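Participant: So you can see what is in the structure, the chains are spelled out below.
Protein chains: 2
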Amino acid sequence: MTKIIVCMLSKKTQYSILALVRLAREYEKGPVLISSISESERIPQKFLESILLELKKTGYVNSKKGKGGGYYLIKNPNEVNLADLHRLFEGAIALLPCASTKFYESCHHCKDEETCGIRSKIKDIRDETVRMMKAISLADIITRENDLLKTF
Amino acid sequence: MTKIIVCMLSKKTQYSILALVRLAREYEKGPVLISSISESERIPQKFLESILLELKKTGYVNSKKGKGGGYYLIKNPNEVNLADLHRLFEGAIALLPCASTKFYESCHHCKDEETCGIRSKIKDIRDETVRMMKAISLADIITRENDLLKTF
DNA sequence: TATTAGTCTATATATCCGATAGAATATGTA
DNA sequence: TACATATTCTATCGGATATATAGACTAATA
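So the protein lines, in turn, are chains E and V. Residues in the first sequence are numbered from 1 upward in steps of one, following my numbering. Residues in the second sequence are numbered from 1 upward in steps of one, following my numbering.
Where hints are given, some of them may not hold.
For chains that are exact copies, the list does not tell them apart, and a pair is met inside one copy or across any two.
Derived EDC-like pairs (lysine to aspartate or glutamate); straight-line CA-CA distance at most 16 angstroms [as the list claims (entries may be wrong)]: (1) LYS29 to GLU90; (2) LYS57 to ASP147; (3) LYS150 to ASP112; (4) LYS150 to GLU114; (5) LYS75 to GLU105; (6) LYS111 to GLU39; (7) LYS111 to GLU26; (8) LYS12 to GLU28; (9) LYS123 to GLU145; (10) LYS111 to GLU145.
Hint data in this document are derived by calculation from the structure and do not stem from the laboratory. Every value quoted in this text rests on a predicted model; they were computed, and no experiment measured them.
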């Protein structure tokens, strides 16, 4: 009975970041095959298809059919940040719905939200987390990768 | 088909915080009945029982059976922080298992963890989140609550 | 005409979440 | 000892969600 590690990002979000970073590396170099992304990032192809489709609907990527086709990034790698991706695939960034701005909902448990200490503290965390995630773009990830490659 | 808001904290964690804050308010004032916590915090009693049991096993609270019994906090309210509670009920704080220290696991997707830009950036977020959550104790929540009550 | 993405359906497992019910056990007190 | 009170343990539940896999057919493009 091994304890399962539950992390916050689903496979879907994780795969979408991997795929987008890959596409960011090929930014403005033409379409990339689904099968190529699937192989290089080790993402189940059918699963990847549905993810890319979602990313297309949301305006991150576009696709071209036929020979020489594939997917390509349409947003600038500087403009795609982790906060937006998280909100797209996971929903709220706040730890409690009552502390969320984009996905606000009452938590139904405090008598008065304005004076709820838990909510207030959780909001502090959310503010800072959003700030950090907004500050991380695809371009930043690639830059960090290049930096790390130099030191190893 | 209303979109379900997915937040990061499960009811279990939320309830455990509520229950502990309640017990922190009665710190060193003797045991509190499960039924009393259940009512005041509006937590389903049976669910609360299993939560308190888990909190007892982990050394946060203790219980007394029989008349005049109930649950009481054994740790100092200053020493119980959100980071530890999160780890107990939710697991890792990091967004990806490969970026976690307490619940580390390979993510099986980068070729080289040491030079993975995603992992590195996610680690940055984790470090800061842990720092913030460690800094929020039950006592802090109660203090914040009292502060808010003054201004409203 | 070969290639590649898009759409659709269907299936499958696995896991988790929130909650409930009832029996068993321990404690304090009269 | 007997009783009331309270916690402990076990077990189960429906429903939702996550993570895929498979196949068939359509549409676009070089």
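Participant: All the hints need checking, so say for each whether the structure fits it.
Facilitator: The hints, checked one at a time:
1. LYS29 to GLU90: neither (30 angstroms within a copy, 42 angstroms between copies)
2. LYS57 to ASP147: neither (33 angstroms within a copy, 45 angstroms between copies)
3. LYS150 to ASP112: between (53 angstroms within a copy, 13 angstroms between copies)
4. LYS150 to GLU114: between (50 angstroms within a copy, 11 angstroms between copies)
5. LYS75 to GLU105: neither (30 angstroms within a copy, 32 angstroms between copies)
6. LYS111 to GLU39: between (52 angstroms within a copy, 12 angstroms between copies)
7. LYS111 to GLU26: neither (52 angstroms within a copy, 18 angstroms between copies)
8. LYS12 to GLU28: neither (25 angstroms within a copy, 47 angstroms between copies)
9. LYS123 to GLU145: Between copies only: 13 angstroms across, 31 angstroms inside.
10. LYS111 to GLU145: For LYS111 and GLU145, the Cα distance is within 16 angstroms only across copies (12 angstroms; inside one copy 47 angstroms).
When held up to the earlier numbered hints, the structure conflicts with 1, 2, 5, 7, 8 and fits the remainder.
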